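Student: Everything in the sequence shown is counted per this note's numbering, starting at 3 for the first residue and increasing by one.
Do not take every clue at face value.
What the hints assert, rightly or not - List of simulated lysine-lysine pairs, BS3-like, C-alpha gap at most 25 Å:
hint	residue 1	residue 2
1	K450	K529
2	K184	K477
3	K184	K512
4	K484	K450
5	K461	K484
6	K477	K512
7	K279	K529
8	K512	K461
9	K387	K27
10	K529	K184
Hint data in this document are derived by calculation from the structure and do not stem from the laboratory.
None of the values given here were measured: they were computed from a predicted structure.
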Amino acid sequence: MSKSLRLALAQVNATVGDIAGNVRKVLSACGRAREAGATLVVFPEMVLPGYPPEDLLLRASFVEENLAAWREVAGSARGVTVVAGFVDRDGKGRVYNAAGAATDGRVLGVYRKMHLPNYGVFDEMRYFRRGTDPGIFTVGDARVGITICEDIWVRRGPVAREAKEGADLILNISASPYHAGKWEERRGLVAAHARRSGLPVAYCNLVGGQDELVFDGGSMVVAPSGEVIGRAEMFSEELLLCGTGGSSGGGPVASIPRIEEEIFRALILGTRDYVEKNRFPGAIIGLSGGIDSSLVAAVAAEALGPSRVLGVTLSSPFTSRESVEDAHALASNLGIRLLDLSIGDAFAAFGRTLEGPFAGRAADTTEENLQARIRGTILMALSNKFGEIVLTTGNKSEMSVGYATLYGDMAGGFAVIKDVFKTMVYRVSRWYNEIRGRDVIPARVLAKPPSAELRPDQKDSDSLPEYDLLDPILKMYVEEDKSVPEMVAAGYPEDVARRVVTLVDRSEYKRRQAPPGVKITPRALGKDRRMPITNRSNG
Numbered sequence: 003m004s005k006s007l008r009l010a011l012a013q014v015n016a017t018v019g020d021i022a023g024n025v026r027k028v029l030s031a032c033g034r035a036r037e038a039g040a041t042l043v044v045f046p047e048m049v050l051p052g053y054p055p056e057d058l059l060l061r062a063s064f065v066e067e068n069l070a071a072w073r074e075v076a077g078s079a080r081g082v083t084v085v086a087g088f089v090d091r092d093g094k095g096r097v098y099n100a101a102g103a104a105t106d107g108r109v110l111g112v113y114r115k116m117h118l119p120n121y122g123v124f125d126e127m128r129y130f131r132r133g134t135d136p137g138i139f140t141v142g143d144a145r146v147g148i149t150i151c152e153d154i155w156v157r158r159g160p161v162a163r164e165a166k167e168g169a170d171l172i173l174n175i176s177a178s179p180y181h182a183g184k185w186e187e188r189r190g191l192v193a194a195h196a197r198r199s200g201l202p203v204a205y206c207n208l209v210g211g212q213d214e215l216v217f218d219g220g221s222m223v224v225a226p227s228g229e230v231i232g233r234a235e236m237f238s239e240e241l242l243l244c245g246t247g248g249s250s251g252g253g254p255v256a257s258i259p260r261i262e263e264e265i266f267r268a269l270i271l272g273t274r275d276y277v278e279k280n281r282f283p284g285a286i287i288g289l290s291g292g293i294d295s296s297l298v299a300a301v302a303a304e305a306l307g308p309s310r311v312l313g314v315t316l317s318s319p320f321t322s323r324e325s326v327e328d329a330h331a332l333a334s335n336l337g338i339r340l341l342d343l344s345i346g347d348a349f350a351a352f353g354r355t356l357e358g359p360f361a362g363r364a365a366d367t368t369e370e371n372l373q374a375r376i377r378g379t380i381l382m383a384l385s386n387k388f389g390e391i392v393l394t395t396g397n398k399s400e401m402s403v404g405y406a407t408l409y410g411d412m413a414g415g416f417a418v419i420k421d422v423f424k425t426m427v428y429r430v431s432r433w434y435n436e437i438r439g440r441d442v443i444p445a446r447v448l449a450k451p452p453s454a455e456l457r458p459d460q461k462d463s464d465s466l467p468e469y470d471l472l473d474p475i476l477k478m479y480v481e482e483d484k485s486v487p488e489m490v491a492a493g494y495p496e497d498v499a500r501r502v503v504t505l506v507d508r509s510e511y512k513r514r515q516a517p518p519g520v521k522i523t524p525r526a527l528g529k530d531r532r533m534p535i536t537n538r539s540n541g
């Protein structure tokens, strides 16, 4: 029979490298947990240095500062037991992903992570040594076993050992990055451990944005039956208070958002933290009157507040009157600032400059890309002058197949929707209008065929398969590594599948030069998918 504890799971937003700031967050939460009557307060993985610190871990001074932070937290814990993630170091200078437990100024023990992920966005074997021993310490009359993130993603990990050695409660402190639907995966995993061990399992996850990653929180306490008896909100800081003695001792159980809401909130958090943590005063977005820039503007307005967002229309001779009207309507609906500029004169000047070298050659994508590059130049000039970051508007469908212009619409500091397929862009946009109760994104933007408007009567479908066909093929190839024969077996036309695969492979050089953006799928274009640029492999 497990012994009951009053837990506080401190789901905080740590910043990589801001060790002093992270310590302040930890100590503040310790105080609030103590005042709320908690006996044990638990923080996420690597909460003191921030996660992932990457090559900062190669600096001895960084590791030492983090160790000093752990000593400060351990020495300051009074009236409550604290468990917090930090970087430990042994006598030979080897470092470990670790969790320390302390109370009343006394360190109870340090656990070193035993299973190091080295796939997807994770690269922990580059930095850390594996721990070898389970970690169990005593709080009151209860024995508590500690695990760290990946430790619970392996079935024969330390949970079973700690249960066998007499733990009454299992803790897992995590920095688990978000992708759509991942909370349900975690719930199933934690519940399975609880049922197999016959013990309650408390899972404390990091929250916040760090470069391309979003940590979504969703911390939880699961009873031995597998029932979730306490669950924190996703995408926000929270101190979740919960008992461990059964469902009657549970705390609040937050609702699970639908997938469109999850994605929108992830985009908001990732964008807000990238802008705020890198100290940009605001954001600039080129507004085309299309669906992608409309969604990016909505995310930015929600993330930063409308007054910190500047939309810019950059009309060319091929921009329709309706597109400009839709951009104005969107800006008005969101309450963001709007600047109307034209690229017509600049485009004509470039045409005159290139008239000689281009003599005798018909207009083609060169002139289309030139328009995009003029727009990128203007947006970056505004960014340089006012210090605000340019948010690019390309989606995952476009980035996958190279339907984007280097140094043009790819120019900017952060790519908000680079991991959102076009079909999902529409779904999230419709959801946003629905929950706002009005067409914040104008209805015409959602209804008209997508177009780059770089030549007369242009439509995306002139160059690409329809997105309803393109996106599932891209998902199979980019996210699941499926072959063309497997796509054909799934019912997709072979000629279309081969064309899409070729486009994806040929566009790797563009993606390598793209700005970072929010990861919302299991396999994003970036650290998740590391393909050589020079590559003659057949998809």
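Student: Each hint: holds or not?
Tutor: So, going through the hints one by one against the coordinates:
no. : hint        : verdict
1   : K450 / K529 : 34 Å, violated
2   : K184 / K477 : 17 Å, holds
3   : K184 / K512 : 29 Å, violated
4   : K484 / K450 : 32 Å, violated
5   : K461 / K484 : 28 Å, violated
6   : K477 / K512 : 19 Å, holds
7   : K279 / K529 : 21 Å, holds
8   : K512 / K461 : 22 Å, holds
9   : K387 / K27  : 34 Å, violated
10  : K529 / K184 : 18 Å, holds
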